[in-house]
Amino acid sequence: MNLSLTVNGVEHSLDVPANTLLADLLRSQLRLTGTHVGCDTSQCGACTVHLDGRSVKACTVLAAQTQGRAVTTIEGIGSPDDLHPMQAAFRDCHALQCGFCTPAMILRAIELVESGSALDNRTVREGLEGNICRCTGYHNIVKAVLTAGEAMQEQAR
Amino acid sequence: MSAETGIGAAVKRREDLRFITGQGNYTDDLNVPGQAYGVFLRSPYARARINAVDAADALQVEGALAVFTGQDTAADGLGDLPCGWLVKSRDGSDMVSAPHPPLAVSQVNYVGEPYGLVVAESLAAARQAAERVDADFEELTPVVATARAAQASPIHQGLEDNLAYDWELGDEAATDAALSAAVHVTRLDLTNNRLIPNAIEPRAALATFDPTNGEYQLRTTSQNPHLERLVLSAFVQIAPEHKLRVVAPDVGGGFGSKIFVYAEETVVTWAAAKVGRPIKWTAQRSESFLADAHGRDHVTHAELGLDEAGRFTALKVSTTANLGAYLSTFGSSVPTYLYGTLLAGQYKTPNIHVRTHGVYTNTAPVDAYRGAGRPEATFVVERIIEAAARETGRDPAELRRLNMIAPEDFPYQTPVALVYDTGNYQASLDKALRLADYAGFGQRRAASQAAGKRRGIGFSCYIEACGLAPSQLAIQLGAGVGLYESGEIRVNPTGSVTVFTGSHSHGQGHETTFAQVVSDKLGVPFDDVEVVHGDTGRVEFGLGTYGSRSLAVGGSALICASDKIIAKGTRIAAHMMQAEPDSVAFEAGAFISGNQRLTLQEVAFAAYVPADYPPDLEPGLSEKAFYDPENFTYPAGAHIAEVEVDEATGVVQLANFVAVDDFGHVINPMIVDGQVHGGLAQGAGQALLEHGIYDADGQLTTGSYMDYCMPRADDVPDFTVDTTVTPCTHNPLGVKGCGEAGAIGSPAAIINAVTDALGTEDITMPATPEQVWRKLRGL
Ligand code: FES
Ligand code: FES
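Those protein sequences? They're chains B and E, same order as listed.
By my numbering, the letter at position 41 of the first sequence is numbered 41, and the numbering carries on one by one without gaps.
By my numbering, the letter at position 185 of the second sequence is numbered 185, and the numbering carries on one by one without gaps.
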């Protein structure tokens, strides 16, 4: 089928099999390998991307569902020279070890902050429930999200 | 050296920039032109005879390239996957190794065991073809339960029973005598639950073969690419070492599960030459559950004797360890040498005896998982001490303190083979008690009670043996190879430094910490030091990362190589300054003699483009060193858990966790804290959530994240972590290793807290809401 969508601000028109998952489209066709696949039951969250600004699990979204919509992956969030505050906070707080869960955590965390709800240790932990990290024990991830949350809210003011 | 980047500084990790921007290079992110895709055929049965595998239909699928079975790999002379550690039974006989072909030939022995590989143009075609393979199995009765496996009929043809070994350590007669003379004996039956490691990056392999020169290249998710190459060359005989390059690029966590040489990367590499195409294979999570080596799975009976004053007089332990269907790479050593030797814990127990029956079952192979043997030992020691304290009406902290090895007792020879070099266990305990506000626990308990909840507190004063391993000792104990680590330091002509290490980072941050060490030692700016690892084509040799060995062994090798750089640089500098080498000192990156001074950079330049140069010296400034540790290192610490149990639901909330660890000197405290946090969450997972369960037919009932409960962010609290320091006495950095401590100490502390809250010792891991709810109701 023919598919038109915007990924990280760039418009794409592609021919894909109708059963293609968004995760595969991103990784295999667009070579955006920052979106990871960690499970086959839609539970690890490693594939999280933004679809029109909301976080979704790209392993559970058909590419066809993104017709005419905007996808943002970690590659569209910031670069080493121009980090998003959430990316910077992850590094500053040592919120990653192997890095495999990290792009997805960052995308989920950005949405959590942007949703505008009050953030504290508990709400951040609940908000990250859909993303598994096996390395960090979450302690520093929570710290990073709270730190970046303040920076982002500061920026927004 | 700069206080911001030297030893002891919380330097931000340089590897992070690529990970936080999605630029990491994990194996599945890599692609090579012309690559085909592999899908493994896996046994649906726990135990079955393979009568026939018919691939005719599968090969009709458009894009299907080949189907290989165990018959093919066997006919081509592919060797078995070896177990690298020979354990001897108490009667002196060698352990019984069941042959472990990379693809099952005539019989499958666990659900998920690979018996074939399908290769196709696309992943979709490979999956489709795999479904069309017609395999004729004849089901056989499986053996599943750990405790009864030894008596069951043998699962492997040609073996007399399911016993791989009957191993012991310590003086049984003396231990028995001390137990019968004891004033009090505490007895405890314990289960250490089977765990499934679950690094979030599934295993993967991308293999290429170049027919023009006969070279294979395997990129794979490995914690030790050199060991992988050694085994694939020397044992499996895929290709000679100089024709096989193994690269472990960015690896998304390991926790032990990526140490081992598995069937999948072996067969994919072999098949790349057969098909004449690069082949990529990436595990689906369900395959990780079925076919990654699992961890733990012990059934234990333990007895602890105490005298009138509460001093431990004897500990006797009998354990049945489930090894799975085959002996994995290090599987035999985990419930023996990494377990029995740690049963002295932090205490002066004079008599200890341990016996381990290692058994085969129709389950996935069991091998090292974070902590490997040491969490199991800690669980036995720390659970039984807690029970003894309760039985004899003593404060659990004070009972521990009474029995602890004192700082003046080091070096301390335990009755189970190890010599602890140094430690101060009381200092860690004292600090932990303060941080946990032990004195205020009564009040907190009362407050919980008032809210309809039960509160409990539990301790665990663990010890571990890390820095694998003093080679002589390891070989005496059955290791197939010595366990040196290698390092090479190349000072480039312009003075920048390239470090090659045999350690491998899959989350630990070596690119940062090893650069800190070398920049500190050689006085070169941190940013001028690059760390290269994980590639047999670039690094001469290495034994990789496991057993918290990277810094203690790999880091020490770098110190030795740095010393050689300084020694050689001193001779070059002396020549250049026309001074005696003895008069030249090396300080902060410069060679100094009298009022003359040459930087390392100047000396390096002179070394590579020599004009006026010492006649008896090789040009160049690159040195390597192999470091063999004199002894294990012995990180130790005190962990205190506090839990709150909801009587209505049985849910155990980990309310507070304090860990005070002694890792010796710390290179990067930020990274060390992170390692502890991660280990604690895995330990909390073992204690409260995770359980790999096979049903009676040998089907894995916890084969996905829907039924294997991984710790998530809201399952754990913020952790309070701190350190004490007694530097390791026998390595140049004074470091001990920090990667496993969290997972070693915490399960016992948490279960001690749960049993304290419930007032019964009869809780098995994981302490699920259902189990706790039943216990609360006496069911
Ligand atoms: S890959 Fe695990 S949730 Fe999408
Ligand atoms: S950093 Fe490794 S899984 Fe999160």
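Don't take each hint at face value.
[To be verified] Within a straight-line C-alpha distance of at most 27 Å, the following computed DSSO-like cross-link-like pairs (lysine-lysine) qualify:
| no. | chain 1 | residue 1 | chain 2 | residue 2 |
| --- | --- | --- | --- | --- |
| 1 | E | K12 | B | K143 |
| 2 | E | K348 | B | K143 |
| 3 | E | K348 | E | K453 |
| 4 | E | K564 | E | K624 |
| 5 | E | K453 | E | K12 |
| 6 | E | K568 | E | K624 |
Simulated from the structure, these hints should not be mistaken for lab results.
Here is how each hint holds up against the structure:
1. E:K12 with B:K143: Holds. E:K12 to B:K143 sits at ~15 Å (cutoff 27 Å).
2. E:K348 with B:K143: 41 Å, violated
3. E:K348 with E:K453: 37 Å, violated
4. E:K564 with E:K624: 8 Å, holds
5. E:K453 with E:K12: With Cα atoms ~42 Å apart, E:K453 and E:K12 exceed 27 Å; violated.
6. E:K568 with E:K624: 12 Å, holds
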